[in-house]
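Peer 1: Listed below, chain by chain, are the residues.
2 protein chains.
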Amino acid sequence: MAKAVLTSKRDDFPKWYQDVVAKAELADNGPVRGTMVIRPYGYAIWERMQAELDRRIKAAGAQNAYFPLFIPESYLKREAEHVEGFSPELAVVTHAGGKELEEAAVVRPTSETIINVFFSKWVQSHRDLPLLINQWANVVRWELRPRIFLRTTEFLWQEGHTAHASQADARDYALRILHEVYEDFALNVMALPVLVGRKTERERFAGADATYTIEGMMGDGKALQMGTSHELGQNFAKAFDITFQSPSGASEYAWQTSWGVSTRLVGALIMGHGDDAGLRIPPALAPVQAVVVLVRDEDGAGERAAALAAELAGAGVRVQLDDRVDTGFGRRAVEWELKGVPVRVEVGPRDLASGSVTLVRRDRAGDKATVPLEGLGRRVADLLGDIQSALFDQALAIREANTAEAETMDGAREAAQTGFVRVPWDRFRDLETDLAAEALTIRCLQRDDGGIAASSADDGLVATVGRAY
Amino acid sequence: MAKAVLTSKRDDFPKWYQDVVAKAELADNGPVRGTMVIRPYGYAIWERMQAELDRRIKAAGAQNAYFPLFIPESYLKREAEHVEGFSPELAVVTHAGGKELEEAAVVRPTSETIINVFFSKWVQSHRDLPLLINQWANVVRWELRPRIFLRTTEFLWQEGHTAHASQADARDYALRILHEVYEDFALNVMALPVLVGRKTERERFAGADATYTIEGMMGDGKALQMGTSHELGQNFAKAFDITFQSPSGASEYAWQTSWGVSTRLVGALIMGHGDDAGLRIPPALAPVQAVVVLVRDEDGAGERAAALAAELAGAGVRVQLDDRVDTGFGRRAVEWELKGVPVRVEVGPRDLASGSVTLVRRDRAGDKATVPLEGLGRRVADLLGDIQSALFDQALAIREANTAEAETMDGAREAAQTGFVRVPWDRFRDLETDLAAEALTIRCLQRDDGGIAASSADDGLVATVGRAY
Chain A
242 MAKAVLTSKR DDFPKWYQDV VAKAELADNG PVRGTMVIRP YGYAIWERMQ
292 AELDRRIKAA GAQNAYFPLF IPESYLKREA EHVEGFSPEL AVVTHAGGKE
342 LEEAAVVRPT SETIINVFFS KWVQSHRDLP LLINQWANVV RWELRPRIFL
392 RTTEFLWQEG HTAHASQADA RDYALRILHE VYEDFALNVM ALPVLVGRKT
442 ERERFAGADA TYTIEGMMGD GKALQMGTSH ELGQNFAKAF DITFQSPSGA
492 SEYAWQTSWG VSTRLVGALI MGHGDDAGLR IPPALAPVQA VVVLVRDEDG
542 AGERAAALAA ELAGAGVRVQ LDDRVDTGFG RRAVEWELKG VPVRVEVGPR
592 DLASGSVTLV RRDRAGDKAT VPLEGLGRRV ADLLGDIQSA LFDQALAIRE
642 ANTAEAETMD GAREAAQTGF VRVPWDRFRD LETDLAAEAL TIRCLQRDDG
692 GIAASSADDG LVATVGRAY
Chain B
242 MAKAVLTSKR DDFPKWYQDV VAKAELADNG PVRGTMVIRP YGYAIWERMQ
292 AELDRRIKAA GAQNAYFPLF IPESYLKREA EHVEGFSPEL AVVTHAGGKE
342 LEEAAVVRPT SETIINVFFS KWVQSHRDLP LLINQWANVV RWELRPRIFL
392 RTTEFLWQEG HTAHASQADA RDYALRILHE VYEDFALNVM ALPVLVGRKT
442 ERERFAGADA TYTIEGMMGD GKALQMGTSH ELGQNFAKAF DITFQSPSGA
492 SEYAWQTSWG VSTRLVGALI MGHGDDAGLR IPPALAPVQA VVVLVRDEDG
542 AGERAAALAA ELAGAGVRVQ LDDRVDTGFG RRAVEWELKG VPVRVEVGPR
592 DLASGSVTLV RRDRAGDKAT VPLEGLGRRV ADLLGDIQSA LFDQALAIRE
642 ANTAEAETMD GAREAAQTGF VRVPWDRFRD LETDLAAEAL TIRCLQRDDG
692 GIAASSADDG LVATVGRAY
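Each protein sequence line maps, in turn, to chains A and B.
Heads up: the first sequence runs through residues 242 to 710, numbered per the numbering used here.
Heads up: the second sequence runs through residues 242 to 710, numbered per the numbering used here.
Just so you know, these hints were derived from the structure itself, not from any lab.
Hints are not guaranteed to be accurate.
Any copy will do: because identical chains look the same in the list, a pair fits if it lies in one copy or spans two.
Restricting the straight-line Cα-Cα distance to at most 20 angstroms, the calculated cross-link-like pairs of lysine to aspartate or glutamate (DMTMM-like) are [unchecked claim]: (1) K318 / D482; (2) K264 / D369; (3) K362 / D269; (4) K362 / E266.
No experiment lies behind these values; they were computed from the predicted model shown.
Work out the full structure: start from the sequences and follow the hints.
Peer 2: In structure tokens:
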């Protein structure tokens, strides 16, 4: 069935991606270049991501706030490196209220500058620290080569900004967000294994002393940077005059962090788990975890299907009833596969007569089982747990099968065509520019045991090389 | 205490409002004129509003989606009335990506046009209807006389847009949102009585056949329009070519609704319940329902306070522990009053020694009671229910005390200086322009029994006149 609906991943991965976005009704292109309309199903996925991330962010002590969309152009000039990086990406409001503005207003590419201006007002004493702020908002960076969810002119994200009294406290917090929010979310909600590591100096955020990252492998073997957490040192504190009076009465610059993830994660979901039949959504993330599909409304099957949906809802399953019997059953089955719903419960008069229904798992192609009606709620809830693990295991196996080791530039170049390559950082420290010339980047540095390198100057680190989105 | 902190409501209501916004740390002015920074406490209130509204919107069957911030200028010209209304309010992006745009992009003042463009693509058959979409987003309307939360250049809101197969279905849905979402939220979450009625033709949204509204009375006797729901007829369907094939095969224009509420509701909360000591937040809305204030950390009081906070959390209370004993107790008490936390639990060594704590209700000035430690969780949970009702009752009593009846223009003019005036619509039908000349508006039309008028042409309707925000 699937072949008729989607381009195959293997034949043309970018086209397959576009097909999934369109056919699963995740998003459409907006009329202004590079913008997107996130359709209800795509937005429901993003809402689930937001809820899971927001809960973890709050558990880490940060509070949400909201800063204005418009930033005075002069703000962006305070941090020279910033302007250089962003200037060609900015959208600028020159006219408003029917006339030309005295000072143009930039549509935020990030809220870094404006948040730091307010931090400098709010932070006075060591008692005001740590100040832990997060914002959910839309931001705009003009994209020349937009790709839906991955690189869009407008995207939705969260950006966290914090200020601390000491370097150690800031570093701990940047790593806490990395592990307790981003890594935990990737592993346990998105069911995607990620490399957790430190960016090289070349790859880190210009304003940061250190950038930490989670990197996922997509279905084509490329890397996707899924989230970053930055240790900013006192760089912004000095540019924006964020000082506090220490317990001893001295005036000191604050130590800061920032961290963010975006609607790009929807792209990670598609490319990390999708197959030739469409999306596959891990149950922890799925807006619809199980769909009860009524095959034909005969012999009371319609009522039974509705009752089963209610039973599943009662068992804590996010369930939807599909009783559109005037649409062909096959077409509906294809639609639910496209949408990646983890479990399909098919309810037909014949099965019902024998006291059973058919359970179809989305994580394994062709896995159908006839099961008794009795105890279906419990059975489906258990199955969702299995599917969550199975999707993670599959993604991990694929990453492992597509991760090579290399010692030389030639070896790295070749192996990186299909996946990740682990190379000795000691030897590749001076080869990063050569890699870049081949469109290869070092995704992150890790200790040999997978832990985070304390410094890129450490000996014996492993660098993972890959092609990247 | 409060007199030292805030301007009195009676002396200068606008100044009192500004003081509350600043001192309760709800929001700051942003650097671009008319924009605002919503601080963590203000944003936590908005998040609670969002969660309560979103739950009701979803229960009414609508799905969330997200449409782009930028709208091609040409879209706004499709609906002539629209452009005339909005043009002076628009913020326009003329430069992006380092050069001048071929077509300027308008920052959405509402997403009406762009949503309707996509509705015309998505709606093909009667099977696609009803299409029930909601969006949470920021919008921009350049304000010449901004006032924080009430009229800001950028504000946060939800806008619902729906398409239906029949006029009756669209009308029912507009009224369903009005009652089940907006009225229910105002009464049961915000604890604010609202007039629920129909706007006159002069006051209704230009693109609508009918506008329904909820109107609250603020602390100065003025009206605040808190939410509107529009029956759009086929007006936008014709402008944007939203047609569907009916079961009989005919092509028909869809019938539509739209409806919205915004961060203006935070203004309604402040002005609807605030007093000279600050905010008073109804428990159903309060981010912090009870604060456990440690008076002094002696004789194990600190541990007991923490344990009580945990007990309250266990009883389902949103609780915060204030153990900042190096800040004066009086100052902290003033702060929690400013922030409008419904219940204060004061824990001091002396009370503890006698097995009790002090409970302070925010809804009644000076209401303190010494209560036993035993069963505190249950007691506070019950008290929160009482406070929710008491705040509603107080607001209702104030509205009733400030609502007069009048039969003549002179009578209406005089009574409207301090509150609402109920006048016979039959007699005032031709006096609306005269009222406007006195800065008075008809807030809504109702049947004599308080029900919604089926048409403004009906006989015997009651019009409520007031000054308005």
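Peer 1: Now tell me, hint by hint, if it's right for this structure.
Peer 2: Structure-based check of all given hints:
1. In this assembly of identical chains, the alpha carbons of K318 and D482 lie at most 20 angstroms apart only when taken from the same copy (15 angstroms versus 46 angstroms across copies).
2. Taking the shortest alpha-carbon separations for K264 and D369, only the inter-copy value of 16 angstroms comes in at or below 20 angstroms, while the best intra-copy value is 50 angstroms.
3. For a Cα distance limit of 20 angstroms, the shortest separation of K362 from D269 across copies, 11 angstroms, qualifies, whereas the shortest one inside one copy, 41 angstroms, does not.
4. Proximity of K362 and E266 under a CA criterion of 20 angstroms is satisfied inter-copy only: 13 angstroms between copies versus 45 angstroms inside one chain copy.
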